[in-house]
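Protein chains in written order, with my numbering: chain A, 1 to 238; chain B, 1 to 229.
Wrong hints could be hidden among the right ones.
[As the list claims (entries may be wrong)] Partner residues aside, some chain B positions facing chain A, computed with beta carbon under 8 angstroms:
1. Ala57
2. Asp143
3. Ala152
Hints are computed from structural coordinates only; laboratory data are not their basis. Backbone N, C-alpha and C fix where the C-beta goes; we use that ideal spot for every residue, glycine too.
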Amino acid sequence: MDWIRSGRARTHDVVRVRVFLDHWEFARSCQKSLAELKGRKITLADERKAQSEAESVRWDKLARALMGRLDMMEYIADAPKEMRAVDVYASVSPKNDGSENPLRTWLREHLDRLPGFNVHQSERTYDPPEVCRNPVCGVKITPEVEKGLKTRVACDILSWAVEDLYDVGVLVMDDPELIPSIMCVQEVLDKQIVHVGLKRNGEKVRSAAWGHVLLEDILPDIFPEEEWRQLYLSRASS
Amino acid sequence: MSSGKNGKARVRVFVDYSNFARRWESVTKSSPHENFKWDAFPGVILDHLARMDHVSAELEMRAIKIYASVKPFDESHPENEEESLVKQWLKDRGEEGLFKKWLQDDLDQLPGYTVDISMQINDPVACSDCGHSADHFVERGVDTKIAIDLLALATRDLYDIGVLVSEDSDLVPSTKCVQDVLDKHIVHLGFAPKKRIKESKKDVSRKDELRASSWGHLLLDDMLPALLR
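In isolation and in its complexed conformation, chain B is listed as follows (with noise of 0.2 angstroms):
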């Protein structure tokens, strides 16, 4: 395994961050940013890695990067509108703005940390019924940013280890090339996989396409006791 100036390898870690949060709070009933020990996460993470085979036992954290999304929220109060549509707003721009806050003023300022926020976008999808269109909010380049960043910093030499926090097979294509072309190491990190009753074999398949393509995979069920607040 190559290494950074010092002998040691570098790490660096990339997480989506809704995708993470979605399976986290199935597994322990409360959001991440309630009850994880964001703060303790690199070490972890870190001593979990140096207990792999084949990687080396002098290890450096690099970068912890989070990619998280928000809805546009308002500021703007609508006027002359229901009342139940006004809560709604009230309730929206609360719940975003609070998670926005907490993603620039708590986690982004943890040692290591950079969170990238993006916007999700109204995407309205046309009602064939009658004509009307419901709103449909979604992530718009997430995984693309995350792709982009597993591969030009790989390009740039500026890490060895990528531990990728997300399950979602659209990266599959940047992890294979990371390791294949620029001979970097891509550990997966997520929860064991659990079949689901009304799931089929092919979304199991889908959902384990990440874990299957990185070079090595870690657990988060092991590393619930020191991450679980």
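Bound conformation, chain A alone (with noise of 0.2 angstroms):
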């Protein structure tokens, strides 16, 4: 097999791909792009409801996209590969009004659901409340933060590279936090990871990962409409 290392190789007869996806991170990047797309600033309100937005992102088709950006990338392209399975890391807000149990219910028994998906859902949590810096306003802020996410990928990675359970991991999230293991896991458990992330973000993540793909190449074979991806196709050509 013409595949990087000969030692691998006769291990393995396939490349075994596993994805590490941030579901927050990655609506909003999707909710950006259509945004730019649109010509139109995202607002606050906008950001608030990137994870439901993202609901309608054709998910069913994200594990044959990343196969073939896969399939592109010097070194690794002419080895068989086989997806393993899709993580996806979702917190949602703590809010316990009602609205967040839509999204709840459908990362449960939609998403979860589909061949290859495990979502793993966290709650976010409060930090102590911060005084606006307006003067006149002076209203107290409740930050909402995500408590124990990246730790929990971190381990994933890491852990399951130690069981040896994937060669390849495809990396979906932006945050320096996650550099640590992906080292660890390249020099010490000689893993690949490829990083996924939009042009202007994640630039440290992208260096530390072996290699990478940009989340706009992406993006058209998973956007809902048609006509978007029209835009897109077009606008990316331009």
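Given two chains presented individually in distinct reference frames, assemble the corresponding complex, making use of the accompanying hints.
What follows is the structure, given as structure tokens:
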């Protein structure tokens, strides 16, 4: 097999691919891309709706779209590949007014049931309130933060590599917190991490990762509306 | 229990400083950089570990790693700012500067100690009332660093017993992994759980999750006389 290391080729017949995706970050990236195409600015209210809007993404096409890009990557293009799992790490707002229930249900009953998808749902938490910088306003704002999600991802990237459950890890998140785990699985455990993100985000993670794929190149395959897809492709080519 | 080349069980200590300091301060009413006997800490831990069931009496302290974070403090003097803002700047710079200096020049210099300092990040939160924002400093990556070190050092077989000083439930997955997959022992070290009036059962069980998932635990309450300056 034409593969980077002959030793690995003898161990495995196929390159096992595992995807690690931060749902909140991914949803905001999709929203940002769409807003740019539409030529509109994203407001705070829009950002809050990003995760619900991302329900319309063609999630069933995501794995195929990613595999298609991996097939074009130098060094691994010719190796036969197999998608093992898409692990989606989704944090949801802790509001208990019922407004988040549809998203929770969709994550549990739709996304998690797609073949190969595992959804790890966690609740965001509230940090102690901060006071608005505007002295006239002075309102107390309670920040909503993700709790333990990145640590969970870092642990999974590393522990599944220790258990030799994948060869190529596709990381759809931009947080530099994950760099130590990326470096460790690459340098100590001989795995490859491929970063997927928007061109202008996640430079640090992209540099640390073995390879990268631009999210812009995948979005046309997973955007729901044909009109948007065409618009995206025409903008990208121009 | 597996052990190092000389037959002794190798011990590594992982301290989540801000988490530990918060709890220490609530119990002793002073911060651990003022009243904690850091130089005695390794010996006290070994002493208590040796008294635990199923732990080899032959122990060797390999390292104590402290994971701390400081607020970014701007070295440039704010110009044309209100007097109150300048005062705040001087205060922040003074406190954070001194704390960082203590971490680097005192704590890190003790034998066996390594201090990993992360800079906190300002992640401003938008105000829905007026459109302005509020400063919101967050620790970025401290838990992840601890989780990765627990796993990476265990993968390379560099310790047998990991002593974890934190109450953060984020570390539960990595604790379980080093125990179940890599056959290491994690011993949790912290104060005995104390239920506050305003705290829900859920909060208490979350704080206790790490202790519960660890192989064993030691109580800081028992060590207090030996560690309080």
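For each hint, the structure was consulted:
| no. | hint | verdict |
| --- | --- | --- |
| 1 | Ala57 | violated, 30 angstroms |
| 2 | Asp143 | holds, 5 angstroms |
| 3 | Ala152 | holds, 5 angstroms |
Hint check: a violation occurs at hint 1 only; the rest are consistent with the structure.
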